[in-house]
Structure formats: structure tokens, C-alpha cells
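J.: Each chain, letter by letter, is given below.
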Amino acid sequence: METIRLARRAMACRFELVLEGEDAPRLRAAGEAALREIEWLETRLSRFLPASDTSRINARAATEAVPVESWLFELLKRCRRLHDRTNGAFDLTVGPLMQAWGFYGDGGRVPDADALAEARRRTGMRLVNLDEAQRTVRFAREGVALDFGAIGKGYAVDEAIHILREAGVERAFLHGGTSTMYGLGQPADAEAWNVAIVDPGAADEPVAVVALRDEALSVSAASGKSFEFEGVCYGHVLDPRLGKPVRGAALAAAVAASAETGDAVSTALLAEARPSPEYRSLIIEPGAPRRILQNGMPLHSPVNHVATPAAPASNGHAARLNFTPA
Amino acid sequence: MNDRTRGGLLSRRNFLKRSSLIPLSGLLAQSPAIGAAARSAGFEEQVQTALIGFGPQGRDIAATLARIPEATLAAVADHYNVMLRRSQRSMPEVPVFEDYRAVLDNPDISTVFVATPTHTHRQIALDALSAGKHVYVEAPMASTIEDARAMAQAARDNPNLIFQVGLLTRSHPNYRSVFQFIRSGALGRATMARAQWHSKESWRRVSPNAEREMALNWRLDAGVSTGLVGEVGMHQLDPAFWFLGKRPAAVTGLGQIMLWDDGRKTPDTIQAIFELEDGVPLLYDATLTSSFDGAYDTYSGRDSTIMFRDHRAWMFKEVDAPLLGWEVYARKDQFYKELGIALAANATQLDAQDISPTEDDPNLETPLWYAMRDFVDNHAFGPYLPAASYEVGFEAAVIAIRANEAILQRTRLAYDDALFAI
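Taken in sequence, the protein lines are chains U and F.
The opening position of the first sequence corresponds to residue 1 in my numbering, with each subsequent residue numbered one higher.
The opening position of the second sequence corresponds to residue 1 in my numbering, with each subsequent residue numbered one higher.
Derived by calculation from the structure, the hints in this document are not laboratory data.
One thing to keep in mind: the hints can contain errors.
Unchecked claim - Among chain U residues calculated to face chain F with C-beta under 7 Å, some are:
hint: 1; residue: A29
hint: 2; residue: A65
hint: 3; residue: E69
hint: 4; residue: A167
Unchecked claim - Output of the computed footprint for chain U on chain F, the stretches with three or more beta carbons under 8 Å from beta carbons of chain U:
hint: 5; stretch: 62-73
hint: 6; stretch: 84-95
hint: 7; stretch: 221-233
hint: 8; stretch: 393-400
Virtual Cβ for every residue (Gly too), placed ideally from N, Cα, C.
So here's chain U without its partners, still in its complex pose (with noise of 0.2 Å):
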């Protein structure tokens, strides 16, 4: 049994590709196939490419109807009926926001009633019309910018995974900034995949093991990228109901079929505060004590160590994954 293991910088972060089967330059060929497709679909969706799909449509859709391919419709359909689903939680919208808020690069900072109020004003899944039988996006109003940053990592984690089933790979895990990720199968020598799940306040212990064999592991954290103001301290993922960054959980984590549904999901659960009855999840509420919230994500406890799924310690393919800064 041959590992292969591959990196690449793309997405404002880092993924990392485990691969597991008998032929290593094969391996490595098919890693190297689904990491190209992850590097090609950042072309397509970086809002910060002048030459992305994501750009052209921000660009003219206030002013036409701007068609679009296929894949990227569907994408964008998906992403309204996630919408829907999350109550509004998660939106592709928060482009607006997002700027008004700083979080585009320049540090963070409190936007003034006025700003806030016209970002506000351009933001929403209803200010993005889908024209089914043109394939076309069109936006109700100037100022509106759709952003893939709460979803694009998940979409690519799923089509790079389908690069490596149509390769016939049986046995690899894949990671987006340690915040996205896949099980494919599962290794050679363990049941699952295992992840550890860390609370970003309390780095040291694990507070749960999710067991992941042909699922995906989304977690959303408020910190990561955050700035503090008259001692607030505001995180970078924004409820777009209200115009503002998160206040609910410290940290959610969400299971899904695909990474793309996981993202999504994780993101609304930070706001909503609660573990969702749908998905296997968990939610770390902020302030201290910490209490942790889960649905089908048994808690790692030092006095519970015989924790089932096995323990990271004694499975060499655990994956530890902080949650760190992009």
C-alpha cells in the first residue's frame, strides 16, 4: 500500500490530499488532477480575478443579464435553495457587507449607520434573479455582488473528489485550510477517516471525533480573521439578516453528503447557535465556561477516552486540524 500525499496553495488557502492505493505515480497523477481542479475553479469564482465568472457577473448583472454556464447555474440554484434552507443564514450576497465591514483585505472596522444601511440595502438571495430558460443572473439593483467565499471551497472539494472516483481512486482524504474536507472511502488500515475537531479557544484536547467515510466535515469559526473595537472583538463570518458579524457560536461544525452542502451548513449554524436536527453537528457557544452542543457528534472527553470512533492517538490517519486563520 503506497501514500501519496500533495499540497497546493489556492483559495486564499492551503490543501493538503491524502491518497492511499497500490500504484504511486498513478496516485500522484490523480491528486495532482483533482488539485488542478481546484486551482481552475478559483479562476472561475475568486471575486478578487478580474477575469472569474463571479467578477463578470458583478460586474454587468446590475445593468443585463449576464448568461453563464451550465455547472455555474446549477451552482448558483443550489446555492439559493441553501438559502432558503438556512432561513437566510447563508447568503452569497454578503459581497456588500463584506466591504463595509473591512473584511475584503483592509483589517475590519465598524461601518457607519449610513454605510452599513446602503450595504444592507444590496444585499439578499431576492436582489438575484436566475433566468432558467436564458441561463442568465441578473441583479434588481446596483451594488449588488454575489461572494463564493462561504461555499467555494466546498463546491471544489466536491468536484476535486469526483476527479479522483472517475480516476477509480478508492482511499483519500483532501482538506481546504483545515476548515473543509472529505473522506473518500476509507484508509487501509482504519474504519473512517477520523478528524479532531479543536476548540479554537482551548487548543489542547479535542472536543470531539468525527469519524468521516464518504462525507463531508465543514467547520466555521468566528475567530480566524477578526479585529477588536472598543473591546468587541468582531469575526469575519456576517449574518446577513442582520448586517453584521456573527455573535451566536464560537464555533460550528456540520457532516454532509458533499463539502458544498457542509459549508453552507456550518455557516448558518454559527449563526443560529444550535446544532442542526438534520446533520450531524456541534456548536461551541462563546464566553467561559464553554458548553458544547451536539447532534450526533459524541464529545471527546478526557474522562470518556474511549471515545468511538478510535481516538486520534491511536489512528495514524487522524487528521488534528486546528481551526487556524486563513
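On the provided structure of chain U, position chain F as indicated by the hints.
T.: What follows is chain F alone, placed relative to chain U:
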């Protein structure tokens, strides 16, 4: 004259427009934002296109077509079912075919994009021209000089059909702008040129089907591959010969397998030194073993050096070079200890839009878009000889194929004039 087909008919109908509109179309191609309406008015109908080969390059062509409103992708052909499934997954509305001849037999399709492995271009391109289709073929246009020549001859013998080779820099506004700049003497006397492409990847492809996998790995097959110098270097070497206005008189090559010793016979690391006709040396190196410093090209002369990175250009002036004037106001970027003066194309157009000419054009498109835009415009305003014509494509193919031979033989080979005869 070949007017059996739509391609031919279109050309004839547009014959009158051709003489008056060539300069206009040339200008239009420079900016996606300006003149879109004027351009569209030149098209009497949608250009119906087909894509042959849905590998990574084919997929980029399909994606780019979606951004060219006057062209429609009407069919995709690929003889590998995985590629057809990918096409269906990304564009379910576009019909797919296993045999490219089905596409050529369709009279509604006027134009084909050929993005198959290099050594299969010849047959497809020749069949497409005989079927009366306009042809866009990826570069290098062929893997042997003989094949490239046969294609160039067929293109020459069908002046009514557009034949464009995928040498993207020929259509790119930044390269066109620097071309003018270099030709107007910005380097002073040109003294040397250098280009590199560094990447860490195995270049291997994989398929669950062993036979398919062998076919997919044509780039590693010394029997048909044009190697790193052809498949990659071509796109950096072509602008060098274009800018400097000279062909190479000889090439000395070396190649090694330094890291990916997996049974392949093609080097993963190569070096080539071209001696231009006027003596200017051009050094090229490429590797699959290290990504250090990525890819860039430099053109040096007595007064300055111009560097390209990511299709953007900077000028580095010698301290004793004459003052140009405008560089005082230009945007400057620091590269370690060197100060680069950004060379932005479209400066006057940007100025008219109240965008500073020293900023990058916010409407900047991908290199492939400019090339395909040129190609599609040619349907409305041509046919005229494209910037990346069969002549340009043939010359570039000869240079690269010969260089690959020198690399594999680790020797110096001359470029006789006879090699370049079509």
C-alpha cells in the same frame, strides 16, 4: 473558392464588408467593454461552432465561448467517454459525439476548435478544411514538421476559410502593446532574451482503463510528444521571435529526467539555447521538478529589460538610459532590488474611461478570450489572415519541433531555410 458549405457562403456574403472593416475589428478585439454593440452589429447570424477534444484545454475553450455572445457551442466531440461525460455534466444542453466526423458532416456547423493531442491535429484539421469548416487549432499545430507543413498548405489553399493557431500572445493586448514598444526601440539595441517555466507536477494522466491511460499520456510518449519545449515553451518562444523579428539560425538542447523517473523517456527538465539570425541569444529552460519563480520571460537590451509575468509586462531601465518622460508617472512594482515600471496596454482607452492608465485594465480578459475573440470576429469581418495565421503557427511549430529534437539528441541543430518552406 470553396462555397459548398456555410463557412464558404458566409465568407462570400461578407466579402464586401471585409475591406472596410478590418481595421475596426482589430481595434474592437482590444477591449471587451468597448464597442460591443458595434461589433455585434457586424454579425448577421450566430457563429455555430463545434469543439473536438474535451480535455482541460477544450474545457477552457467551451468556457470562453460562453463569454462570446456571437458564437454558440453546438457540439462536442471526443472519443473518450469520460471526457464526454464531463462535457455533459458541465453543459447538458450541448450534444456530444464520439466521432469527430459526425460534427464535420453537420452542415449547420461552420467552425471547429481542435483541442486534441498534438499528434492528432493533422488529420482532424485537414478533414475539417475539406468539409469547409473554419478551423482554430491548438498550438503546437502538429508534432512533426511534415504534419505541420501539410496543414499549412491546406490552410493556404483554402483562403476562404479561417485558419487560426492557438498562439495566444498574438491576440493579447499587453503583448501587442509591448511589441510596438520594443519595435519602437525601448530596449535600445536588443542583446539577449531569456524565458523559464518552472512547475512541480508529474505531467502524468490517469484513467481506470489502461489503454486510455496510455493514450492520455501522449505528452510523455517520446514517439509523438513535442516535449516541454513544444507543449509549454512554444507559447513563450513564439512571442520572443515575434518581438525580436528574427528566426533562430540554430538551437542547442539538453534534457534530463531528474525527478519523475517512472519509466518515461521524455525529459522532465530541459534547456535550450537559440541563436537568432542576428546573433541575439535566447535561453529557455523548463522543469517539472521545481516551481521556484514560476514562469516569466525577459527581453534585454542596452537601455532596458522588459519582463512578462502572468501576461503582464514591466520595464526595468538601465540607469544610463535616456529619459522617456512618462515613466515618472507610471505605476512601479518592486521585484526584490529592481524597480519595474508597469506597461499597461490600452492606456488611452483607460484614460477615456477615467481609469488611470497605470492601473491594470479592470476589463482584462483571459489570453484565450482575446485569441478566440479575434477568431470569432474574423467570421463577421473576414476572412483575413489572423495574427496567429498558418504561417505564424507553422514557423513556431518548426522551431519547437526542431528544438525538441536537439534536446532529445543533446546536440546543436541548424535551422535551414528549407525547413520553413510551406
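J.: It remains to establish, for every hint, whether it holds in the given structure.
T.: Cross-check of the supplied hints:
With a least beta-carbon distance of about 4 Å to chain F, the hint placing A29/U at the interface is held under the 7 Å criterion. Checking A65/U against chain F: minimum C-beta separation of about 11 Å lies over 7 Å; hint violated. This hint holds: E69/U has a C-beta 5 Å from the nearest C-beta of chain F, less than the 7 Å allowed. Residue-level restraint check for A167/U holds (minimum Cβ-Cβ distance to chain F is 5 Å; threshold 7 Å).
Figure legend: the stretch 62-73 of chain F, annotated as covered by chain U; annotation consistent (5 residues with Cβ-Cβ distances under 8 Å, at least 3 required). Interface restraint, the stretch 84-95 of chain F with chain U: holds (5 residues with C-beta to C-beta distance below 8 Å; minimum three). Using a Cβ-Cβ cut-off of 8 Å, 0 residues of the stretch 221-233 of chain F lie near chain U, which falls short of the minimum of three, so the contact claim is violated. Coverage of the stretch 393-400 of chain F by chain U is violated in this model, with 0 residues showing a Cβ closer than 8 Å to a Cβ of that chain against a need of three.
Violated hints, listed in ascending order, are 2, 7, 8; each of the other numbered hints is respected by the structure.
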